[in-house]
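Chemist: Chains as they are written, first to last, in this note's numbering: chain A, 2 to 265; chain B, -12 to 296.
What the hints contain is simulated information worked out from the structure, not anything from laboratory work. This structure is a prediction, so every number in the text was calculated from the model and none was measured. Where is the CB? At the ideal position from N, CA and C, for every residue including glycine. Careful: at least some of the hints might be erroneous.
[To be verified] Pair by pair, the computed Cβ-Cβ distance ranges are:
1) B:GLN159 - A:TRP47: 13 to 21 angstroms
2) B:LEU263 - A:ARG49: 19 to 27 angstroms
3) A:TRP77 - B:GLY158: 44 to 52 angstroms
4) A:GLY227 - B:TYR17: 25 to 33 angstroms
5) B:PRO70 - A:CYS65: 36 to 44 angstroms
6) B:ALA281 - A:PRO102: 17 to 25 angstroms
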Amino acid sequence: MAVLRWLRRHLVVLAGLGTLGYLILPNLVVLVFSFNKPNGRFNYEWQRFSADAWADPCGVADLCGSLGLSLRIALWATVGATVLGTMIAFALARYRFRARPAVNTLIFLPMAMPEVVMAASLATLFLNMGIRFGFWTILIAHIMFCLSFVVTAVKARVMSMDPRLEQAAQDLYASPAQTFLRVTLPIAAPGIAAGALLSFALSFDDFIITNFNAGSTVTFPMFVWGSAQRGTPVQINVIGTAMFLIAVLCVLGGQLLSGRRKRS
Amino acid sequence: MTTTTEAPPPAAEDAPQVRARGARKRLVPYWLLLPGILWLVVFFAAPLVYQASTSVQTGSLEEGFKVTWHFAAYWDALGAYWPQFLRSVGYAATATVLCLVLGYPLAYLIAFKAGRWRNVVMILVIAPFFTSFLIRTLAWKTILADGGPVVGVLNSLHVLDVTSWLGLTEGQRVLATPLAVVCGLTYNFLPFMVLPLYTSLERIDPRLHEAAGDLYARPVTTFRRVTFPLSMPGVVAGTLLTFIPAAGDYINAELLGSTDQKMIGNVIQSQFLRVLDYPTAAALSFILMAAILAMVTLYIRKSGTEDLV
């Protein structure tokens, strides 16, 4: 009876933790199977322990090449989408103008569109214009779908900013450029950082849009996709695990930094 | 003293210049918008229009395609692929409901119960975003493997007998069945449900819960009459963020399903990239887009929340 009552009282917490487990489980499996020594081409069944893949993560042909390409594309897509998106966000948050509703719709639509539809239509355009698929078509596509996410993140931050801070700066004889660089930009920075981080993650991980617009260029997600048919090397699990750890460390570091800043 | 007086009041001959400066200032937002909006118009909006024209073309890759206003592509596509359409909507709807059922307790946990663990739980929800989701989806192949522990447990509890009878699984296996695909979809889109739910739950004033308790509402009643209605914006946003990408997805069906679980995304992908039948692919993606827009509009009307973005 006591057990039942305890269960009932903590039902929500237990269910929440269960869902968290469901979310984390594949990451654990990826970690464990990065130490596997598979029999044959596929790494789906546990055979025996080995750290070979960790010792030689680039040991598979084309794997690290595709990883580097994905990193480069994600970097440039982040730069492009963040610059263009931040400009749009400032225009939307700061100015009243006639085209505003139309612009808002145009920003919202890419986020509310199935990726397959965007991917196929953009590829149709490239095909008919005779543009060769490759690095540039991927980059163009990635900037296109990351843009809306940056706008949303930055806009939210700029909208919640107190306009009196900028007025105060001007009262203290700051020039418009000084006001922007020393007041506006630092306040908007967390929003811009969030948008940039999201762009990087979305671009690095995108498969559907890249699959349609890459031609024979192979990014990391496309390498993983191909390997699902040919046989997955253990190195893929190594890289998946490393990405997870780097992400967790970055977020933890950011938390610590902002926590310390808040205290001081 | 609020503003600096940079110049004496403008004399009559200065007026046009001032007006010119005002006009230039009015153009500032447009200059800010120009590059980004141009990008979206050229690489997002124009392709959609272009695709609409492709869907009414006929021809072949060798002879070239011509616009013939041949609407038959739509009827042919619907006639040939309506099972995949229905399946996509069915799988996506099931996955969305499962995401809501699984995601709500987690969002509730982060918003109200986690205390000083809140940031840790948040990181654990977001971190999978930064790992390649294809790798994680492939991990489900290991988890659900025939003869693996999950299938073993489900089997000894006779769960698989029931799901097999319901048509969700086949025999003693989970992989290559609808259950596996829905499981993968639910997993992949769960964070998109949890985050908006959390955002709207976090905004709820905890004093409202206390007030409900003071008025002798039982916890279930408090949830039904106070918490859930106030979290509606999150529910609506989360549902859309899960349903729309899930309906167009082809990765889960490809990696975890078999040819019997093909969704409409798989058809578009193979028509476009393998068969090279662009008009059919265009017609299919246009139907998908129209269907989703119609469903979303209806859903937003029904749920009565309009401030989504």
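Chemist: None of the hints should be skipped; say for each whether it holds.
Modeler: Checked hints:
1. B:GLN159 - A:TRP47: 13 to 21 angstroms: holds (20 angstroms)
2. B:LEU263 - A:ARG49: 19 to 27 angstroms: violated (45 angstroms)
3. A:TRP77 - B:GLY158: 44 to 52 angstroms: Holds, at about 49 angstroms.
4. A:GLY227 - B:TYR17: 25 to 33 angstroms: At roughly 45 angstroms between Cβ atoms, TYR17 (chain B) and GLY227 (chain A) fall outside 25 to 33 angstroms, so the hint is violated.
5. B:PRO70 - A:CYS65: 36 to 44 angstroms: Holds, since PRO70 (chain B) and CYS65 (chain A) (Cβ atoms, about 42 angstroms apart) stay within the stated range.
6. B:ALA281 - A:PRO102: 17 to 25 angstroms: Holds, since ALA281 (chain B) and PRO102 (chain A) (Cβ atoms, about 21 angstroms apart) stay within the stated range.
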